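Engineer: Single-letter residue listing:
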Amino acid sequence: MSARITSLDVPWVGRAVRRLEDLPLVTGKGRFTGDLPAAHRVRFARSQVAAGRIRSIKGPVGARIITAADLSDVKPIRPMLHKFNYRPIAQPVLANGVVRFVGECIAAAVAPTEEEAEDIVDSIEIDMEVSKPIVDVLDALNSTSAPLHPEAPDNVIVEGHFKTSGFDATWAAAQRIVRSHARSHWQSASPLEPRAAHAAYDQSTGRLTLTYTTQAPHLVRTALADLLGLPEADLRVIAPDVGGSFGQKMSLAPECVVIVWLAWRFRSSFSWVEDRRENLIAGLHSRDQHIDLQGAFDEHGRLLALSADVIANVGAYSCFPTTCGVEPLMAMAEMPGPYDVQNYACHARGVATNTCTMGPCRGVARPAITLALERLIDKAASALHIDPVDIRRRNLIKRFPYTSATGLVHDEASYRETLDIAVQHIDLTAFRKRQSEERTTGRYLGLGIATFSERTGYGSLAFAARGMEITPGWECAELSIDPSGFVEARIGASPHGQGLRTALAQIIADELGVQPENVRIIHGDTDRTPYGWGTFASRSLVIAGGATLIAAQKVRAKLVRIAAHMLEVGPHDIVLSNGTAKVAGTDRSLPIAALARETYHHTHRFGGQIDPGISEKGFYDPLGTFSNACHAAIVEVDVRTGKVTIERFVVVEDAGRLVNPMIVDGQVHGGVAQGIGSALFEEICYDDAGNTLSSSFADYRLPTAGDVPQMELHHLETHTGATNLKSKGLGEGGAIGAPAAVMNAINDALSPFDVSLDEMPATPERIAAALRNATHEGLAAPTSATSTERRSVSSQATPSWEERP
Amino acid sequence: MKSAVRLTVNGQDYRVNIEARRTLADTIRSDCGLTGTHVGCEHGICGACTVVVNGDPVRACLMFAVQAEGKDIRTIEGLAGDKKLHPLQTTFIEHHGLQCGFCTPGFLMLAAAVLARDPGISDAALMKILSSNLCRCTGYQNIAKAVRAAANQMRKPQR
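Taken in order, these protein sequences are the chains called A and B. Each residue of the first sequence is one higher than the one before, starting from 0 at the first, in numbering that gives the first Met the number 0. Each residue of the second sequence is one higher than the one before, starting from 0 at the first, in numbering that gives the first Met the number 0.
Hint data in this document are derived by calculation from the structure and do not stem from the laboratory. It cannot be assumed that every hint is accurate.
What the hints assert, rightly or not - Restricting the straight-line Cα-Cα distance to at most 25 Å, the calculated cross-link-like pairs of lysine to aspartate or glutamate (DMTMM-like) are:
1) B/K127 <-> A/E635
2) A/K725 <-> A/E615
3) B/K144 <-> A/E416
4) A/K397 <-> A/E597
5) A/K28 <-> B/D122
6) B/K1 <-> A/E117
7) A/K57 <-> A/D34
8) B/K127 <-> A/E416
9) A/K725 <-> A/E468
To be verified - Coverage of chain A stretches by chain B, computed from C-beta distances (three or more under 8 Å per stretch; other residues unrestricted):
10) 16-22
11) 227-239
12) 333-345
13) 611-621
14) 689-701
15) 759-772
Please read these numbers as outputs of a predicted model, since none were measured by experiment. Backbone N, C-alpha and C fix where the C-beta goes; we use that ideal spot for every residue, glycine too.
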């Protein structure tokens, strides 16, 4: 691990340094938003109907209740996209006459304790005129009843069309079309810490401090200032220890706005802590998507053209700041994935329904598009009698840089290499033999592969392409050394478990020749850090790290100049290591503290050559970079019960130069576990009235330790020229590839039954139903005595391809 | 209606004035000021609120504070005892057994209670125990590694 290595030549970057974040967290000294005391506690009365009009709100006598009528000076949340036919729908912070989903906040109850506030909520009577909700996204598209929002008469909030110039001709001439329809259902990011907001007014400065479970404190400050009509200078936003997020805490919660307004209006401190039921019902859902994908292949299995239709359920409102365009538009831009296909057409829509608002969640659209694509590839392999590994080899991007059909530049990567290595580790031949043998005893094992690319670390140009009203992307790092020689960096990113502090300390330690544990990284406080965009979209290591590297290089240069001046040598003779500046080849050295003290307290000795103090800024705004991986899963499906056991899971990934391999492995483990949850267990179910049926962890099933296999991780490192660190992001990759690998494995296991499972989660109910239907149509389930050969294409109950005459 | 309750937490007495419906988790956090125990679900599934009561790992969200009167309650704040760190705290750091840290106190107290009774626990039994608590960040692999490493340390005779 990170034993004190005395050799001065071993860099910190690349080492599994233990995390600087850990000690407070393992000793119970972490500081989470819900830990803060407040004068007043707030609970929300939420809509129990999915669609309707509020006739009256009556609270118990003497209770402090806030409704929309009190918030007439608060703007609604209205994010904006200037492209893709986006309809700027608005979400009032408390329901204003109309309710649009079960769980929408109608009133806030304020009391000295949470229990009293909950008691008040239970006593609030809300009289509603109930209307028939639209729950299913396809119903929303075909609906003849009143739309959810007047701005979108057809319930389509955002719509994109894309087609390459060569597509029509290629498609018309295509001889073999394969189709895959991937269906993914509503899921919840479900961080272990539910959302919470604490706002306090400071009488002496007239400023408000918001402590909030957020991934983007500066963005929240900007939003609140706008919604409440305050200068940003009067607001301080703190993201303390945040207990996971996975995208859910990136979007501004209307509850948070109410809390801040209360603190502002009543000049006191207010706190809201969500409970799990609220989080599962109202805490931003994701992944309710239909992806209809068709691929035209030649006889060698080369993918000639891809045609996609994407429908994403956006729920009742549009999340700030990304807007609901985040899922359908990312699907449209990245559908071709890691494959070399230049002819591409896509129609993508974000459609409103009377369900909880959608927000980004780890992987965003890519888990579903990877499922669709990898199922398509496997189906093509089967239809064309080509090995599923070979068909991928023939189609994966080989030459870099590669500009995709949608204009995304894939920098140097290892798509084919990761596949080859994964296949080696699996030992395909041995597996096929075992699979065959086990089938004779009635046991069904399967192997599934998913190859994918993950777009990461992209800056403002990429966000600008989406037409967002606020364009995030760059990052800033300030690095300073105080007169005592203490090194401190202040960043605009906002990590919440990713170990970014440790990684950045390693980068700085290498540049300045200090120990990582002597570097302090400040983040998550808008009063102490430069403006930045927070942590999401697998960006922080690349972009905040890149900015940190630039700042560290400037500080290094200054330290060298100071030392050269003080030691009376040329800058080229100075070596920074072990906390000192040394004259190379001698034992003359000065500690960093001495250099710092000189430039703060004896500036005159530099004759105007060097500015006082040590503080440098770095900005970084890269175009982006693609990491990649191959996931291979071996599963067993119990055909009597539909239960899936994952026997083995192999990941071969390439995230460029790894700063801290231990942290990287942790991200892959966590992402794959979430992907397994997506594939097998997790679904927020709604009934026809729009009630959330999965409102506790008993119904919304997160994977436990027993559900997740021991993962075998292997790393390649393609040092990319696209980023100054030569690193790539990878935080979402596990969640992107694992569902497709597991689903492909299930389908491989069940190939004797001619079923095609393309809907996740593939619960035991869905698997058992598919098997029942297959048997019912006259295809007898193979007994132990029959042949285990794969059935020929022509006998498939559901043809997966059509041959053009 | 509130009444006086005396809780013994980490060897220290706390006299609190609480309603009978107040959970042990909420009481520990708000009335005893020990916020290291976290509340993740309030319905006994996630285990973030796990504390040790008379040696047993317990969901503090499913216990009323009044039920814990007269019992020996241990929370994350008292895990190290009079040492700098408990072996589990050390191995969680060494093996990257935490990311956001929210579930961590619950896992540490669960593992501490189990290992105190059976440091020689088998891998299969340990996996079953660890399935009691939810983690959304780590995928459990490093948590299992850390607990196993601590168990191995705790089985060695103390010098």
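Engineer: Against each hint, give a clear statement of whether it holds in the structure.
Structural biologist: Now for the hints, and whether the structure bears them out:
| no. | hint | result |
| --- | --- | --- |
| 1 | B/K127 <-> A/E635 | 20 Å, holds |
| 2 | A/K725 <-> A/E615 | 22 Å, holds |
| 3 | B/K144 <-> A/E416 | 29 Å, violated |
| 4 | A/K397 <-> A/E597 | 54 Å, violated |
| 5 | A/K28 <-> B/D122 | 30 Å, violated |
| 6 | B/K1 <-> A/E117 | 17 Å, holds |
| 7 | A/K57 <-> A/D34 | 31 Å, violated |
| 8 | B/K127 <-> A/E416 | 37 Å, violated |
| 9 | A/K725 <-> A/E468 | 31 Å, violated |
| 10 | 16-22 | holds (count 5) |
| 11 | 227-239 | violated (count 0) |
| 12 | 333-345 | violated (count 0) |
| 13 | 611-621 | violated (count 0) |
| 14 | 689-701 | holds (count 4) |
| 15 | 759-772 | violated (count 0) |
When each numbered hint is compared with the structure, violations occur for hints 3, 4, 5, 7, 8, 9, 11, 12, 13 and 15.
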